[in-house]
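Enquirer: Residue numbers (this note's numbering), protein chains in the order written: chain A, 1 to 58; chain B, 1 to 273.
It is possible that part of the hints are untrue.
Which residues of chain A face chain B? A few of them, derived with a C-beta cut under 8 Å, are [unchecked claim]:
#1 30
#2 33
#3 34
#4 38
#5 39
#6 41
#7 44
#8 45
#9 47
#10 51
#11 52
Partial selection, computed: residues in chain A whose CB lies under 7 Å from chain B [to be verified]:
#12 35
#13 37
#14 48
Here are the simulated distance ranges between beta carbons [stated by the list, open to error]:
#15 B:141 x A:23: 45 to 55 Å
#16 A:21 x B:108: 31 to 41 Å
#17 B:59 x A:23: 23 to 33 Å
Don't read these hints as lab results, they were simulated from the structure. Computed from a predicted structure; not experimentally measured. Ideal placement from N, C-alpha and C gives every residue a C-beta, glycine not left out.
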Amino acid sequence: MSQSRDPEQVKKLRTRSHMPQGSLLFEKVIPVLLVVMGVIMILLVLFAAGVLLGIVHF
Amino acid sequence: MSLNQLLPFVSTAVMLVFTIYVLQRYSVRRAPHFLFWGIGLAMFGAGSFAEAYLALAWNKWVFFVWYLFGAALNAGWIGHGTLLLLSRKKWVHVITAVLVLGSLFAAYLMLQAMPNLDEGAFTTGKPVSEQYGTKALESGQTPPAGAKTETVTYRGEQVTAVRGILPLGSPVRLTTPFFNIYGLLTLVGGAIWSAYLFWRKRVLPNRVLGNVLIAAGALSIGSASTLTRLGYGGLLYVGELLAAILMFAGFLTAARPQPAEESVAPAIPVATD
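Construct the complete structure from the given sequences, taking the supplied hints into account.
Expert: So, in structure tokens, the structure goes:
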């Protein structure tokens, strides 16, 4: 995609867009959401694996 | 038509717009992840439409579409798009081949199951997700209220089962958890991982938010489907619509150019995936 570009230049461009500092959303809400969603994902995967292995009947 | 019957049609409309948007991107960029996302989203949309149709009437080929695309394949294909975006290693091509061949095999198994569908078990009174599978009852277990039961021979034994559309032990049902586990890990896991990477580097907040929305949307339908299969189908259609809206919103948010990128994009087209 961007192999022909100067990596430093690309990196510089990308890092121009920073998260707002002191934002409740980015400092608190997002990290909690990521953890909660990760836990839910693991539970759903375990459920599906349980069905596959015949442990969960439905 | 009740609100509950209308919701899957709304989900279908959202998914249709989303699919066209993604496939348009593929036609311009030719990046394979857009193709897999587009196909997976089209499957999701077809599954939603089939579900909406089956809330009104029976058609065995609509059921075929619902099960194969809506229940079995779509999550795996969308998730594989995410994997193609995150990794460009050669082993991903092996997984692509396995996914395509596995999907064809699932379609073959579904076609084999078609002559044996129990149409008499179907009712428009509840979501198809709650009635597609025949369930063997354990000894002493009582069937749910209003359930139709039958005695069938299964693995050489006479068992009492709650009637479902697909016969007991249909091989196609064994394929579904594979696709769904793979889809969950790649789609939700990939979105969470991407969001975390950008969050850790404190850059591109739109990508963080976009990926959070995509993960939340995928979990919404995953959770609603799981609850439905456990007998709590009341949230299924809402979960589907929520999934369609959240994933589309997440995709648009993540793809939105940032002001700094926007001003220089024509000169230096950085990767925006």
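Enquirer: Against chain B, is residue 52 of chain A within 8 Å by beta-carbon distance?
Expert: holds (4 Å)
Enquirer: Given residue 30 of chain A was flagged as interface, is its beta-carbon under 8 Å from a beta-carbon of chain B?
Expert: For residue 30 of chain A, the interface hint holds, since the closest Cβ of chain B sits about 6 Å away, which is under 8 Å.
Enquirer: Does the interface hint hold: is residue 34 of chain A within less than 8 Å of chain B, judged Cβ to Cβ?
Expert: Nearest chain B Cβ about 6 Å off; hint holds.
Enquirer: Using Cβ atoms only, decide whether residue 45 of chain A comes closer than 8 Å to chain B, and label the hint accordingly.
Expert: holds (5 Å)
Enquirer: Against chain B, with CB atoms and a cut of 8 Å, does the hint on residue 44 of chain A hold up?
Expert: holds (5 Å)
Enquirer: When the nearest CB of chain B is found for residue 35 of chain A, is that gap smaller than 7 Å?
Expert: violated (9 Å)
Enquirer: Under 7 Å, Cβ to Cβ, is where residue 48 of chain A needs to be relative to chain B, so tell me if that hint holds or is violated.
Expert: Hint on residue 48 of chain A: holds, closest Cβ of chain B at ~5 Å, below 7 Å.
Enquirer: Range hint 23 to 33 Å: satisfied by the CB atoms of residue 59 of chain B and residue 23 of chain A?
Expert: Distance hint for residue 59 of chain B, residue 23 of chain A is violated at roughly 50 Å.
Enquirer: Can you verify the interface hint for residue 33 of chain A: is its Cβ closer than 8 Å to any Cβ in chain B?
Expert: Because about 6 Å separates residue 33 of chain A from the closest Cβ in chain B, which is inside the 8 Å limit, the hint holds.
Enquirer: Does the hinted range 31 to 41 Å hold for residue 21 of chain A and residue 108 of chain B at CB?
Expert: violated (56 Å)
Enquirer: Does the closest beta carbon of chain B sit nearer than 8 Å to the beta carbon of residue 39 of chain A?
Expert: violated (10 Å)
Enquirer: With 8 Å as the cut and Cβ atoms as the points, is residue 51 of chain A at the interface with chain B?
Expert: holds (5 Å)
Hint compliance for this structure: hints 5, 12, 16 and 17 are not met, and every other hint is.
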